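Peer 1: Chains A and B are the protein sequences, given in the same order.
Sequential numbering from 1169 applies to the first sequence in the numbering used here.
Sequential numbering from 2 applies to the second sequence in the numbering used here.
Hint data in this document are derived by calculation from the structure and do not stem from the laboratory.
Note that this is a predicted model, so its numbers are computed, not measured.
Every residue, glycine too, gets a C-beta built ideally from N, C-alpha and C.
Any given hint could be a false lead.
[To be verified] Quick look at which bits of chain B chain A covers, simulated, 3 or more residues with Cβ under 8 Å: (1) 13-19; (2) 30-44; (3) 102-109.
[Unchecked claim] Listed below are the simulated DSS-like cross-link pairs for lysine-lysine, each with C-alpha atoms no more than 30 Å apart in a straight line: (4) A:LYS1225 to B:LYS101; (5) A:LYS1225 to A:LYS1179; (6) B:LYS59 to B:LYS70; (7) B:LYS101 to A:LYS1179; (8) B:LYS50 to A:LYS1225; (9) B:LYS69 to B:LYS101; (10) A:LYS1183 to A:LYS1225; (11) B:LYS101 to B:LYS59; (12) B:LYS101 to B:LYS70.
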Amino acid sequence: GAGVSQSPSNKVTEKGKDVELRCDPISGHTALYWYRQSLGQGLEFLIYFQGNSAPDKSGLPSDRFSAERTGGSVSTLTIQRTQQEDSAVYLCASSLEGAATPLHFGPGTRLTVT
Amino acid sequence: AQSVTQLGSHVSVSEGALVLLRCNYSSSVPPYLFWYVQYPNQGLQLLLKYTSAATLVKGINGFEAEFKKSETSFHLTKPSAHMSDAAEYFCASKIQGAQKLVFGQGTRLTINP
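Just chain A, same shape as in the assembly (with noise of 0.2 Å):
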């Protein structure tokens, strides 16, 4: 079946510009993530979404990051007044709920801010 998508592949924005990333999980699978992953920085979580709603949201690094998940598939994470320290890949990762189950990753978006 159809893994995790993510799109755009690559983001080109100037600093100050707003930008969102998409990503559309495995169907059926109810829990969603997103991280990121910059240069020795290893795989950083910033939120949670359990169907639409966020339990965990702790990894957000300003209010200058949002997110939010619609139909409980559907995810955006969106970047406001972008920064050259928000350069990075952004992960998405979905999967069923429990504590056992792996998380199926997105190919990621790599965003660079000029």
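Given the coordinates of chain A, work out where chain B should sit on it, guided by the hints.
Peer 2: What follows is chain B alone, placed relative to chain A:
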């Protein structure tokens, strides 16, 4: 709180040699443990997972990992390295009651011909 430590940010082995990538975890309750692989310019792919059914877990591409509670370790091994194994490997843990998957810093594996 839970954390994952991968010893060695970069490991280099010769083709045909043993691969050993180290992972230690720290958590207040027994965790579920995962190894993921990331090939260049690709997303993360699950290699194997430990969910308490068996301490020795076999994964894809000839990799396996052994859960050792006494050492709080979950090291990844492969008897004979292949050039196609060159990638970055991430160890991760999740605990019951917490949905967040916590990752180690990653180990970049290089295979020398």
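Peer 1: Each hint should be assessed against the structure and marked as holding or not.
Peer 2: Evaluated hints:
no. : hint                   : result
1   : 13-19                  : violated (count 0)
2   : 30-44                  : holds (count 5)
3   : 102-109                : holds (count 6)
4   : A:LYS1225 to B:LYS101  : holds, 10 Å
5   : A:LYS1225 to A:LYS1179 : holds, 24 Å
6   : B:LYS59 to B:LYS70     : holds, 18 Å
7   : B:LYS101 to A:LYS1179  : holds, 27 Å
8   : B:LYS50 to A:LYS1225   : holds, 25 Å
9   : B:LYS69 to B:LYS101    : holds, 22 Å
10  : A:LYS1183 to A:LYS1225 : holds, 24 Å
11  : B:LYS101 to B:LYS59    : holds, 24 Å
12  : B:LYS101 to B:LYS70    : holds, 21 Å
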